[in-house]
Amino acid sequence: AIGEGEGSMTGTRGAAEMAQEAGVKKLVLVHTGPSLCEHGAMEKGIGDIKKIYDGELVFGEEHMTLDLVRR
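Numbers in our numbering are just positions in the sequence shown, counted from 1, shifted up by 167.
Hints may contain errors.
As the list claims (entries may be wrong) - Cβ pair distances, simulated, as ranges: (1) Asp234 - Gly207: 29 to 35 Å; (2) Val197 - Arg238: 19 to 25 Å; (3) Val197 - Arg237: 16 to 22 Å; (4) Arg237 - Cys204: 32 to 38 Å; (5) Leu235 - Glu205: 17 to 23 Å; (6) Pro201 - Arg238: 32 to 38 Å.
To be clear, the hints were calculated from the coordinates, so they are not data collected in a lab.
Using N, Cα and C, we set each Cβ at its ideal position, and we do this for glycine too.
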């Protein structure tokens, strides 16, 4: 998975697994490293996540805001 390795933050697969197990409705990826900026890497990352996680996926961007609603 992209971004996973010893000493790194949670990568695409780890984030997808945690979100799926926790029943998260919307997974927002932030602090995405340069490995996801390479040509084709973001598409691969999305594919990796969608194999595991079936909720909504959002890639956070600079100055992006999200409304959070507790249900």
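Status of each hint after checking the structure:
| no. | hint | result |
| --- | --- | --- |
| 1 | Asp234 - Gly207: 29 to 35 Å | holds, 32 Å |
| 2 | Val197 - Arg238: 19 to 25 Å | holds, 22 Å |
| 3 | Val197 - Arg237: 16 to 22 Å | holds, 20 Å |
| 4 | Arg237 - Cys204: 32 to 38 Å | holds, 33 Å |
| 5 | Leu235 - Glu205: 17 to 23 Å | violated, 31 Å |
| 6 | Pro201 - Arg238: 32 to 38 Å | holds, 36 Å |
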